[in-house]
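Undergrad: Input sequences plus hints: build the corresponding full structure.
There are 2 protein chains.
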Amino acid sequence: MIRRYVFGNMIETEAVLNKPEKSEGPLPYLEVREEKKSFLYRMDPEERIYGLGENVRGINKRGWIYESKCSDDPEHREDKHALYGAHNFFVADGKEPFGVFIDYPGILTFDVGYEKSDELRITASDWNLEVYIITGENVKDIVKQFRRLIGRSYIPPLWAFGYGQSRWGYKSADDVREVARKHRELGIGLDSIYLDIDYMERFKDFTVNEETFPDFPDFVKEMEEEHIHLVPIIDAGVKKEEGYPVYEEGMEKGYFCKKEDGTEFVAAVWPGKALFPDMLNEEARQWFGNWYRFLLDQGIEGFWNDMNEPSIFYTEDRLSDVMEKIKEYQGKNLDLNTFFEFQGLVTGLSNNTNDYKYFYHERDGEKIRHDRVHNLFGFAMTRAAGEAFERLEPEKRILMFSRSSYIGMHRYGGIWQGDNMSWWSHLLLNIRMMPSLNMCGFLYTGADLGGFGADTTEDLLLRWLAFGIFTPLMRNHSAMGTRRQEVYQFDRIEGFRHIIGLRYRLIPYLYSEYMKAAVRDEMMFRPLAFDYPEDRYALDVEDQLLLGEEIMLAPVYEQNARGRYVYLPEAMKMVRFCQDGIQKEEILEAGHHYVEIPLTDVVFFIRPGRLVPLAGPAVCTKEIDFEDLTYISYVEKGEALYEYYRDDGYEKDYDNPDHITVIRVQK
Amino acid sequence: MIRRYVFGNMIETEAVLNKPEKSEGPLPYLEVREEKKSFLYRMDPEERIYGLGENVRGINKRGWIYESKCSDDPEHREDKHALYGAHNFFVADGKEPFGVFIDYPGILTFDVGYEKSDELRITASDWNLEVYIITGENVKDIVKQFRRLIGRSYIPPLWAFGYGQSRWGYKSADDVREVARKHRELGIGLDSIYLDIDYMERFKDFTVNEETFPDFPDFVKEMEEEHIHLVPIIDAGVKKEEGYPVYEEGMEKGYFCKKEDGTEFVAAVWPGKALFPDMLNEEARQWFGNWYRFLLDQGIEGFWNDMNEPSIFYTEDRLSDVMEKIKEYQGKNLDLNTFFEFQGLVTGLSNNTNDYKYFYHERDGEKIRHDRVHNLFGFAMTRAAGEAFERLEPEKRILMFSRSSYIGMHRYGGIWQGDNMSWWSHLLLNIRMMPSLNMCGFLYTGADLGGFGADTTEDLLLRWLAFGIFTPLMRNHSAMGTRRQEVYQFDRIEGFRHIIGLRYRLIPYLYSEYMKAAVRDEMMFRPLAFDYPEDRYALDVEDQLLLGEEIMLAPVYEQNARGRYVYLPEAMKMVRFCQDGIQKEEILEAGHHYVEIPLTDVVFFIRPGRLVPLAGPAVCTKEIDFEDLTYISYVEKGEALYEYYRDDGYEKDYDNPDHITVIRVQK
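Residue numbers (the UniProt record's numbering), protein chains in the order written: chain A, 1 to 667; chain B, 1 to 667.
It does not matter which identical chain is meant; a pair holds if it fits inside one copy or across any two.
List of simulated lysine to aspartate or glutamate pairs, EDC-like, C-alpha gap at most 20 Å: (1) K37 with D126; (2) K116 with E558; (3) K116 with E494; (4) K116 with E486; (5) K116 with D455; (6) K144 with E549; (7) K332 with D317; (8) K171 with D335; (9) K652 with E522; (10) K367 with E12; (11) K273 with E341; (12) K273 with D355; (13) K327 with D317; (14) K273 with E249; (15) K332 with E242; (16) K116 with D491; (17) K332 with E316; (18) K332 with E264; (19) K332 with E241; (20) K327 with E341; (21) K327 with E316; (22) K573 with D531; (23) K273 with E328.
Source of the hints: derived by calculation from the structure; they are not laboratory data.
TA: If you want it as structure tokens, here you go:
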């Protein structure tokens, strides 16, 4: 059951399209403390809190303060409070499980037992919000109701399930060709190459640098013939430059965000000074969305939306102020206090929360200060694209994922898990965020495999890929200035080919699981606790996941480890794929196990009575034969069933019952 | 066997006082690549590399580049390469174990399988160094030979094994009194309170702020009557201030480091502009050491040396340059490149490696540019103190530990593990650094419990203390601006009292183990691999430690975990101390176990045939009765033995055989 409670007068987020009637009477579970703009809930000692989408720390969120404030912060350390998304949904799993969604576009904090270990305290910046309380049989049921409430998740084209290679630093079409050639020559699967900011002309959205990427439509076609999709980045900021049509048009029509005095708000990003299209304004959103045509018309079928928290390197106004203030420090003896003040001026130029108070949106004639709707910007940008794709290419699935997000955006695109680092701890964070994002509707997601910032190592990349082959978005991405991390940069080519090859063999299964999760509003990845709520050990497992109803994953995420502990809530079949092509199967009893997993092995577990279909080898999605499958099953006796969802990967009649066939294996 | 090889003409470090004869002939194990100033060693696939003292990542160092470059960097993230110390000793444990010590005062890198997974490459900044190759029966034997080579480790007074409370932010004697009072009132053990920079008059070494700490000697005495020792911080930089005697004297005698032109090198630290005493110059070192008398004479018996990498907020010269350059950026459109350049100017002011090329030491009449001897500065500062203590208080043990260090410094003081963060991963790093520091002679060590930077949580502090009660230095320390973390700030007072109480009961054992490790040149903390080299699983364990011959530790270091996996290479007795005073014992068989460990329990394991003595309750070391002991033993049949080292904790006749008695328990 879902009940909606209204406090004040919320600025509409459109997270929920079909709202249930407003409930009267007291809010259940949560104590209202209006004077503190907060809700208080007392947790049982062993109660677990799941959800909050994209954020730091564990699957069980207890013991920290989380903030819903879309933030461009690549250091996802455990002392941070916010990442790129704002996902205000959680389930409290104590004596009586219930879900809470706070629909609120401003900044919100969740103190989950930080200040007091038994108190969960939600505090909003103002008192205009709606609260949904969801009760149900169990956590899975509550999540499903919530997912139904917020609407069906975005569905990408089939090719987006292939392996993608990306790097901020591919400077030219020839750089990209080299990446394609290397993968194809070595027989390493590849479906897409991502174009980071360098494909543009001086970082201007909807331009292509004609010197470095000449004859772009031909180049797109050339890659397409190799079955490789180019996926360009789109930034939230539009360069301020006379004669640049996006800027000129936006100015002429008044589509950019403005300051209080009605002049345009200028904030610098990649190109330096730039303006933010007012994505919350319907007309402006349509206008910005239509610009994607510039690339669609050149054959592009997928995009990633970046910098849409929005990220701000500095604002024109703050930079002038800082430059003035710096003068006061000149010639002085700067001690501890004054020196850090001085340094803080300059480091505080970027993504300064105060800047969000200096510009406005206009929606239905009303001026709204940005900080009040901060968390909607990335959502609105991606919605601009998604709505445009529906208008411009109604028959086609276009790949779209975003960095920033709010619940509701999951209907228009996926997200990648932001600019992470080449840290082993970020592989673990990747694992932990899969279920919390699924809870909030984000199914098409994955992390930058190998890590975006900092230097990767061969073993980290191998282990990360061995997990990444299961995530819908499977992309290797890294930052300029870091070690190159295309798989062919390393020695263990065989190992990489083997692991990525397995991804392609798994795609019929992964795609089927994705589609079922999307059309049925279910989670593709779940913590063990969701399926084994009575199992005391399962409740604590923070480094294993269930995938669909068939698979349990237990990735290795520690350097130099030759294996790991795995907890089995019931007997399962362990399947091992070795680099030399050998496939081993072994039944393990319920309980605690230590499992050896060499660096180039992939190991997963099949649950009783289940089967997993596997295709033959392929190096791109186009090559996969979805009919010619083998099955790995775990049947003690009787039969194993699998509901196989199969469409052509591009059509949109998602609910057609013919897409489902049942596969049976008997023993 | 230890062989010494000489390359070029090393600037003497005094890490090794009694050098073996120089060996002729080719260097074993390592391939010399003089043109690259490097040594190359090819590792077996499963060879493990142990050592390198204070650095990031695992017990087995494979898979990363480590740098010996003493660095003030509080973010001990896995992508960093250097921390505060420079510890150039490692043991390669493959087919034939051997140890390598590179005696070299400049910057050195160890690529341990990063570039190529089977290559270990050591690269020096210049080719003047000495290499020691140590062979022996096994890793422990090699370490012992090395420890004997570098000389006996520093031995602190007994009270330094008590619990210490510290915070950057105790502003006055009354703040300190409050800390003392709270601990005593609540019956929580405490032996020392640390004074961070605020006790000084405007951050000037060897001053006391008379307004906030009036009548300091009386205050020291007042605390002493409570059996609490005050431990002030000493910084490496001396404030540049007319009339301040340390500055005036140092200038007059020419004891500060100078630039090439012979004028003093001015670098800012806490007080703003400051000068570095030339700690490498014997006269200057003596002079600086004598200044500790200022506090010794007021009753102080312990110190910590900080900022001695040396840390530099900015240099006078670089700051002027930057201020000039900033002007060039004014009024320009700063894009990606120019904006990060601009920000980099200001962030690059601090701890800029280039600054180490702008000042000089003078030793035996020779001018030495700082970067060539960078890693000796913290060592030399602590030596200044240690030598002074021998001159000024020859009968007394004075507590001394340092932030920066080089091998050799372990004879003069301990180290704390630097300015860490309130991260769960830093609790794990603390565990992992204990053995690598022991290998390099640093026995008196521990991390800032609860974490220095960032906000701690109650559960993190509980878990960290439950490990910290075993480390010789047991100090809770945190930074200004972070959450207060004295244990009485939290709800679970009983739990904290219980855990710290157990520390006091363990002190007879811990002190005995410390003393034996020191006088016998042994490791107090070892990885399982050192004692069970034939056990395949033991080799991989990165989160358990052996303490002495008796105990195995398996701390919990993950939030919300109710237990953890523990590997037992042989049957052991699990001992559990619960908050309610109940003590449980259970024998666990060899193998893999999952052990539940509630938040306020302390669990450890006793090895077969061993016993651990426990004292009765005490709230300070003075109260401990070292004769009235109970024993926990694991004897299947026959007897358990313990060699108990017992002196008065203050005398210096460490080698007196009467200090050892053998305790026997029969069954």
